[in-house]
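Participant: Residues per chain, in single letters:
2 protein chains.
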Amino acid sequence: MSAANNKDGKYKYKGIPLTVVKRLPGYQRLLSELAAKEVERVSSRELAAKMKINPSQVRQDLSLFGSFGQQGYGYRVSYLLSEINKILGINAETKMVLVGGGQLGRAVANYRNFAKRGFIIEAIFDRDPRVIGRTIDNRVVRDVQELTAYLQAEPAEIGIICTPASAAQEVADQLVAGGIKGIWNFAPVALKVPETVCLEHVHLGESLMILSFKLKQKQEELFNQKK
Amino acid sequence: MSAANNKDGKYKYKGIPLTVVKRLPGYQRLLSELAAKEVERVSSRELAAKMKINPSQVRQDLSLFGSFGQQGYGYRVSYLLSEINKILGINAETKMVLVGGGQLGRAVANYRNFAKRGFIIEAIFDRDPRVIGRTIDNRVVRDVQELTAYLQAEPAEIGIICTPASAAQEVADQLVAGGIKGIWNFAPVALKVPETVCLEHVHLGESLMILSFKLKQKQEELFNQKK
DNA sequence: TAGATTGTTAATCGATTAACAATC
DNA sequence: TAGATTGTTAATCGATTAACAATC
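For the record, the sequence lines run as chains A and B.
Sequential numbering from 1 applies to the first sequence in our numbering.
Sequential numbering from 228 applies to the second sequence in our numbering.
There may be inaccurate statements among the hints.
Below, a list of computed lysine-lysine pairs in the DSSO-like style, where the Cα atoms sit at most 27 Å apart [said to hold, decoys possible]:
id: 1; chain 1: B; residue 1: K249; chain 2: B; residue 2: K343
id: 2; chain 1: A; residue 1: K52; chain 2: A; residue 2: K192
id: 3; chain 1: B; residue 1: K313; chain 2: A; residue 2: K12
id: 4; chain 1: A; residue 1: K22; chain 2: B; residue 2: K237
id: 5; chain 1: B; residue 1: K419; chain 2: A; residue 2: K52
id: 6; chain 1: A; residue 1: K10; chain 2: B; residue 2: K237
id: 7; chain 1: B; residue 1: K443; chain 2: A; residue 2: K12
id: 8; chain 1: A; residue 1: K12; chain 2: B; residue 2: K237
id: 9; chain 1: A; residue 1: K22; chain 2: B; residue 2: K343
id: 10; chain 1: A; residue 1: K12; chain 2: B; residue 2: K277
id: 11; chain 1: B; residue 1: K239; chain 2: A; residue 2: K12
id: 12; chain 1: A; residue 1: K218; chain 2: B; residue 2: K241
id: 13; chain 1: A; residue 1: K218; chain 2: B; residue 2: K419
id: 14; chain 1: A; residue 1: K14; chain 2: A; residue 2: K192
id: 15; chain 1: A; residue 1: K216; chain 2: B; residue 2: K239
id: 16; chain 1: B; residue 1: K445; chain 2: A; residue 2: K216
Just so you know, the hints here were simulated from the structure itself, not pulled from any lab data.
Just so it is clear, the structure is predicted and the values come from calculations on it, not from any experiment.
With the sequences and hints as input, model every part of the structure.
Facilitator: Structure below.
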């Protein structure tokens, strides 16, 4: 079932193509919506239409993890959703700590959608004495100097970095020293971590640049059409 | 130079493969860093090493937009950066409006990295009477009911949506009615806009799910190794 | 049963990489 | 000049799509 191909890790992550991994949250969201509407069954054709991909691709993607459907019927929404949740590690009560109690950190700390899916921010840290001791969404902000010690006493799986870019690497090192398994990085800088630690980067600036590129291309197209 | 292939737009955006588009901000960031260090020249080999891609790919990517290098020398950092900035529409003073003055909206409004690159938030809107009239980073929050009228008087290129998912589509419609050209959407919902409007979605939840998936896979790997 | 739809194999298509002539 | 490195064409590799037997 779970293949071994991991000789380079460029295209595949533990045998699963990264292109497929990126589609999994989309399936999860779609199935959640269907489940909320109490829809019972769904076909690869219907899922594909909503995802704007090909039905074959839906079946191909899912078949990497198992056989979740039934010929002539399709997929039972509740069953497929629970399987996808298992695959994604959702609803497993994942503990997280957040470093950086600035605007962005506070926004992330207050974001309800994570908690809904079992991702819990257990503690918040900052470096600024004016922020330490304050309360963010019912959690007292701790001194970042206590970070590694805290993690040794209260292990967490994911560390969220919402500090300025200049502090991010140091924080990452402390999170790793504290035994964190994954880092979710909002600072606009490429972090170095041991390969035992998973890393996911939120590229806000890059996203805006891509939008800007598309705008520019569209303008040029309109300009060329006028001629 | 700028190709025409746009029959479906699935893989290509105005003739440029979307895989290439996604790498452009990476080149931009790298070249900015080199320029800040006053490095004069850079080869495709060096750029590739930093991007963790293949030197051929760097040359292939850049050649879609023009010939910016010189045999035996490589690329002049300042020139290549200015060309990439042009391609991305950076430093052109792009006007934006932001809707949603909650935690996330305030974080985005205060993010300095955008302004540095010429992306200016001209006005901020919210629906909540308790927020309207307050000041965020020197801008008074306006009533979202004035949004379309405001845009007709003060045109902007990009609308940023930082509202809850439930309000996002309505806001998008108002932005479109106001003549906005692109939407940068932080609400976790798929928006419908006319195809004349560019759309870029920031998937915070999806990013966290992908990290969770990677963690789960790595755990399973370790578990299997132990046996 | 007849119709529908899966899971999987084969065919196609696109993206990445290698190779090399051109030339600074 | 000799060495280096581009821009581009050809080869490879991976991802997507089509096709279809299996079967509910």
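Participant: Against the structure, test the hints numbered earlier, and report the numbers of the ones violated in rising order.
Facilitator: Structure breaks hints 2, 3, 9 and 16.
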